[in-house]
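**Student:** So the chains spell out like this:
Protein chains: 2
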Amino acid sequence: MAIVEMELNKIRIDENRGEQVIVLKEKEGDRFLPIVIGIMEVTSIKMEISGVTTPRPMTHDLLVSTIAKLGAKLDRIVITKLEQNTFFAKLVLQIDSRFEEVDARPSDSIALALRAKARIFVEEQVLTRVSNNLE
Amino acid sequence: MAIVEMELNKIRIDENRGEQVIVLKEKEGDRFLPIVIGIMEVTSIKMEISGVTTPRPMTHDLLVSTIAKLGAKLDRIVITKLEQNTFFAKLVLQIDSRFEEVDARPSDSIALALRAKARIFVEEQVLTRVSNNLE
Numbered sequence: 001m002a003i004v005e006m007e008l009n010k011i012r013i014d015e016n017r018g019e020q021v022i023v024l025k026e027k028e029g030d031r032f033l034p035i036v037i038g039i040m041e042v043t044s045i046k047m048e049i050s051g052v053t054t055p056r057p058m059t060h061d062l063l064v065s066t067i068a069k070l071g072a073k074l075d076r077i078v079i080t081k082l083e084q085n086t087f088f089a090k091l092v093l094q095i096d097s098r099f100e101e102v103d104a105r106p107s108d109s110i111a112l113a114l115r116a117k118a119r120i121f122v123e124e125q126v127l128t129r130v131s132n133n134l135e
Numbered sequence: 001m002a003i004v005e006m007e008l009n010k011i012r013i014d015e016n017r018g019e020q021v022i023v024l025k026e027k028e029g030d031r032f033l034p035i036v037i038g039i040m041e042v043t044s045i046k047m048e049i050s051g052v053t054t055p056r057p058m059t060h061d062l063l064v065s066t067i068a069k070l071g072a073k074l075d076r077i078v079i080t081k082l083e084q085n086t087f088f089a090k091l092v093l094q095i096d097s098r099f100e101e102v103d104a105r106p107s108d109s110i111a112l113a114l115r116a117k118a119r120i121f122v123e124e125q126v127l128t129r130v131s132n133n134l135e
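Protein chains in written order, with the numbering used here: chain A, 1 to 135; chain B, 1 to 135.
It cannot be assumed that every hint is accurate.
Each pair may be met inside one copy or between any two copies, as identical chains are not told apart.
Straight-line Cα separation of at most 25 Å, DSS-like style, residue types lysine-lysine; simulated pairs [said to hold, decoys possible]: (1) Lys-27 x Lys-69; (2) Lys-69 x Lys-81; (3) Lys-69 x Lys-25; (4) Lys-10 x Lys-69; (5) Lys-90 x Lys-27; (6) Lys-27 x Lys-117; (7) Lys-81 x Lys-27.
If you are wondering where the hints come from, they were derived from the structure by calculation, not from laboratory data.
As the structure is a computational prediction, the values presented were derived from the model and not from experiment.
Produce the entire structure from the sequences given, and follow the hints as far as they go.
**Tutor:** Rendered as structure tokens:
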């Protein structure tokens with residue numbers, strides 16, 4: 001299945017609905033992918049973007065340092081599907097010469113990708129579906 | 001340095017202060033260690049205790065599955081020090097025959113230990129200090 005590289009475009013607060021929306025944009029194109037995420041995850045993402053550091057590691061920092069301590073790296077994250085308005089994603093970890101995939105929420109995945117400077121992808125079929133819905 | 005095994009005794013909500021306190025108890029003794037933690041971490045701990053499952057992995061579930069996918073296991077967590085009313089902790093991970101330590105907050109550490117069925121320890125000097133303060 002084809003995957004498309006995305007980048008973080010903006011974080012939007014929908015005050016009417018009380019929702020935080022993270023918007024990814026196609027890196028080599030003009031399609032957008034808005035994802036509703038929780039307040040904790042949006043805070044974690046904002047902290048990373050703003051370069052805020054804390055005396056003790058927050059949960060996503062801990063995940064990144066755990067991956068490093070185990071001799072692995074986060075190669076990429078992929079948003080894999082959309083079911084009943086819920087997005088699913090996976091981490092792709094590289095350890096030695098092999099790759100391992102771990103199921104994750106998009107919000108955790110993006111919070112990690114930004115910290116680990118890993119690339120963000122979405123399955124073409126997910127992007128097609130969501131882009132159509134936006135029109 | 002000596003370490004003492006602890007177990008989760010209770011979770012207490014201090015409504016006056018708006019704080020959540022997790023109380024650890026010495027496994028082979030009567031000393032207690034209360035730790036103030038955040039609302040997200042207390043929720044994560046309560047979900048694990050209550051056996052609540054979610055369609056997608058929450059952040060601590062993701063950390064546990066990442067550790068497993070990388071061929072490691074959480075051997076134990078240790079609460080290592082108390083500085084300016086803030087506790088510090090570490091994860092001790094086993095991978096093959098070696099052990100790796102990762103700095104963490106006690107709240108994340110406990111949320112992970114409960115999921116991974118890993119043992120919970122505290123440095124004797126931390127326990128001594130806090131127990132004295134309680135008297």
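**Student:** Against this structure, judge whether each hint is valid.
**Tutor:** Hint check results:
1. Within a single copy, Lys-27 and Lys-69 get their C-alpha atoms no closer than 31 Å, and across copies no closer than 30 Å, so neither meets the 25 Å cut-off.
2. In this homomeric assembly, Lys-69 and Lys-81 come within 25 Å of each other (Cα to Cα) only across copies, at 21 Å, whereas the closest approach inside a single copy is 30 Å.
3. Neither within a single protomer nor between protomers do Lys-69 and Lys-25 lie at most 25 Å apart by alpha-carbon distance, with minima of 32 Å and 30 Å respectively.
4. For the homomeric pair Lys-10 and Lys-69, neither the shortest alpha-carbon distance inside one copy (31 Å) nor that between copies (32 Å) is at most 25 Å.
5. In the homo-oligomer, the alpha carbons of Lys-90 and Lys-27 lie at most 25 Å apart inside one protomer (19 Å), although the nearest pairing across protomers, at 38 Å, exceeds that limit.
6. For the homomeric pair Lys-27 and Lys-117, the shortest alpha-carbon distance inside one copy (15 Å) is at most 25 Å, but the shortest distance between copies (42 Å) is not.
7. For the identical chains of this complex, Lys-81 and Lys-27 are intra-copy neighbours only, at 19 Å inside a copy versus 45 Å across copies, given an alpha-carbon limit of 25 Å.
The structure fails hints 1, 3 and 4 (numbered hints given earlier, in ascending order).
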